[in-house]
Structures are given as C-alpha cells and as structure tokens.
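A.B. asks: Residue numbers (the working numbering), protein chains in the order written: chain A, 1 to 192; chain B, 1 to 183.
The set of hints was computed from the structure by calculation and includes no laboratory data.
Only true hints are included.
So the derived list for chain A, only partly shown, Cβ under 7 Å to chain B, looks like this:
{"hint": "1", "residue": "D6"}
{"hint": "2", "residue": "P11"}
{"hint": "3", "residue": "L14"}
{"hint": "4", "residue": "L17"}
{"hint": "5", "residue": "L21"}
{"hint": "6", "residue": "D22"}
{"hint": "7", "residue": "I24"}
{"hint": "8", "residue": "F26"}
{"hint": "9", "residue": "P28"}
{"hint": "10", "residue": "L32"}
{"hint": "11", "residue": "E33"}
{"hint": "12", "residue": "I36"}
{"hint": "13", "residue": "A37"}
{"hint": "14", "residue": "R39"}
{"hint": "15", "residue": "M40"}
Over the 10 Å line for every Cβ pair with chain B, so calculated as not near, a few chain A residues:
{"hint": "16", "residue": "R109"}
{"hint": "17", "residue": "S153"}
{"hint": "18", "residue": "H155"}
{"hint": "19", "residue": "S186"}
The beta-carbon is built from N, C-alpha and C at its ideal position, and this holds for glycine as well.
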Amino acid sequence: MTGAADDAGMPPGLDELARRLDAIAFEPRASLEAEIAGRMRRREPLKGGPARRPLAHRGAIAAGVLAIALGTAMAARRLAPATVTVDRCCFDLDGGGDADDGVVARVGRDNVVRWLSIYEDADRSGALSRDDIVRYSRDGRPMLREGQPAGLSLHGHCCLDLDGGGLADDGVVVVGLAPDRIVAASVYERER
Amino acid sequence: MTRPLQALPSPPPAGGAPAHAEPLGAWWAEHSGPIYRYLRFRVPDPDTAEDLLAETFVRALGAADRYDPSRGPVRPWLLRIAQNLLRDHLRRQGRRLQVPLARLRDLVHESASPEERLLWEEEVALLTAAVRTLAERDQELVSLRYGSGLSTAEIGELLGLREATVRTRLWRALGRLREVLAR
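Looking at chain A on its own, in the form it has when it is part of the complex:
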C-alpha cells in the first residue's frame, strides 16, 4: 500500500479511484520461493529469450537448423538416456497444510511416466534426500495404494516441468488422506 503524500494536490475526484487501486493486494503462491531456489540449485536454463528475428531471417536460419537437426536427431536419440528423472519440491500434496511435499517422476522419451513418487521433504532440503519420507510410489500404471477409505481429498499442483521437456506445462494430481497419507497420484500435461 502506498502512502498518501504522493497524492497531495491530486485533482478532485481522482483520490477515490486512487484509494481503490491502492487497496488491491495480490500475493504469489507460497511455494514459489522454494521453486526458484530449486531451479537455481539445479541450474535450470532461463526461459524466454531475445526478441524474435524478422521472418526472412527466421526462414533462412530455420532451414539451416533443420538440416543440422535432422542429421543430429537420430544420433541424439540413440545417445539420449531412455528415461529422465525429475524432482520438484515443495507443495502441499497430502492436504496436511504445509508446502513440504515433493514429487519425483521418471519419464521416458515417449513422455510416459515410468515411475512416480511423492515424498515429504522432512529435512527441508528442497529435494529428495536420505532423511525424507516417501509417502507413495508407483510404476507406470496408476494404482490405488489401498481401498477407498473415507475422507479422501484431491490435491494438485501446476505447472512444473515434470517430464524433463524444458516447459513448465505438467501438473501432478494426488488423492490424499490428511494429514499425511497418499493413495494415488498422477502426472498430466497441460494443454497450451
């Protein structure tokens, strides 16, 4: 909220509008600081980039890049690991009220999840580590850990890069039983 000193001398009738604007308050989600710390720790590349080049330049560059890409794509595919493992933290995924849960996803080149774990970041390291508590794990097939107990609730977080594709367009949905049980979890890609 801004002070009123700067509004001294404001033309009549505008002060009410200024007061209404001044009363507006937004806050980012609580987990954002931890996510930034995680990105810095993992040295993830910056998003975005310089302004786009003119169309003619882009066409010439694209042709060159395409030729190189076609040649290297096959080799890269042979050399790339079959799966990529991504660790994202910290969110409230179990309904316990604290943003202290992380998700580890092992994803194949076909973007299919091979393994999914939800853990509690017990040592507040911002990543899966020895002292953390794994609440749920599954392989490629979605499954319920146990029957269907009463009091289930749905939690989720979007959007992160969970498939290692470089875009923060994936979300995780968790069926939990507060305060700390998780019975199912799934990863999805948001349509842009």
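Got chain A sorted already, so can you dock chain B onto it with the hints?
C.D. replies: Chain B alone, transformed into the frame defined by chain A:
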C-alpha cells in the same frame, strides 16, 4: 507426519547451502510482493505473473555477483528486469486470446464474509481490466504506483522522468481510467 512408508532407493549426494540462498531469502522477503503486484496489474492471470516473477528472480540471482549496491537500490533493478521480461511476454503473446482460470486466486482480502470477498473480487477484476485497456505508458505508471507501491520520485528515477512529470502523467492516466470505468 509420521513414519516412512518405504526406504529410499538412492539418496542424492549431500551438499552445502547454495550460494544464491542468502540473496534469494532477503530479496524475496522484501521485494517479491511489490514486484508481483506490479506484474499482476499488467497481466490478467496469476500463473503468468508468477512465471514472470520467478524468471525475474532467477535472472537477478544469476547476475547477483554483478549487482553493485552503490549504483542504486535492489528494487528498481529487479523492476527493470521484470519490465523487460513483461515486454517480451506481451510481444510474444500478441493478440492471442487467453482465458485464464482461477483469475483472482492470488487476491488478498480480509473479508468478513464470502459475499464481501465476491464483491471485492468483482471490483478488482473491473479495475485491473480497465487498467489494461489504457495505453502502455499509462498502464506502466499506474502499475508502478499502485501495484508495486513506488513513490512518484522513485518512478521518476526508474523511468528517467522528473517527479512533477510523473505526477502529471499519472493523474492524467487516472483521469482516463475513470473515463473507462464510467462507460
């Protein structure tokens, strides 16, 4: 939170606190709110504003060793990074129609009742949408003043304008905003 359900397969190697942790904590506590509110006045949905805020801090932390406090305070520097990212975003977005979900999930309001909250949400949606119909220069002034809470003198420093000029332009922008709201 109780006992583990299962043992970990392979814990990653332990490491010390990262070098960026200290500036992130201090800068985040002091500047994330004003910069987020500035961005939020300029973009219609919290997801985009949060992406831009995160990118602002990642870039700032990446260049933290080059930041020279003697050349000025941190907030205007962070705001300049945010302004550049916002400009790039708006240029990329062009005329693409976006219909954001959960438009005001990030609105802070100590409402006595859900009805009051709803009324305030409607008013904020109206006000911020009206701000975004203004010319780029007017949007920038209103967002810096009432979003990030900068004084007119600070805005003048940031934009390279005299304080009196900032006031005059800001009040004209408010006048135009009032006209938009009256339609």
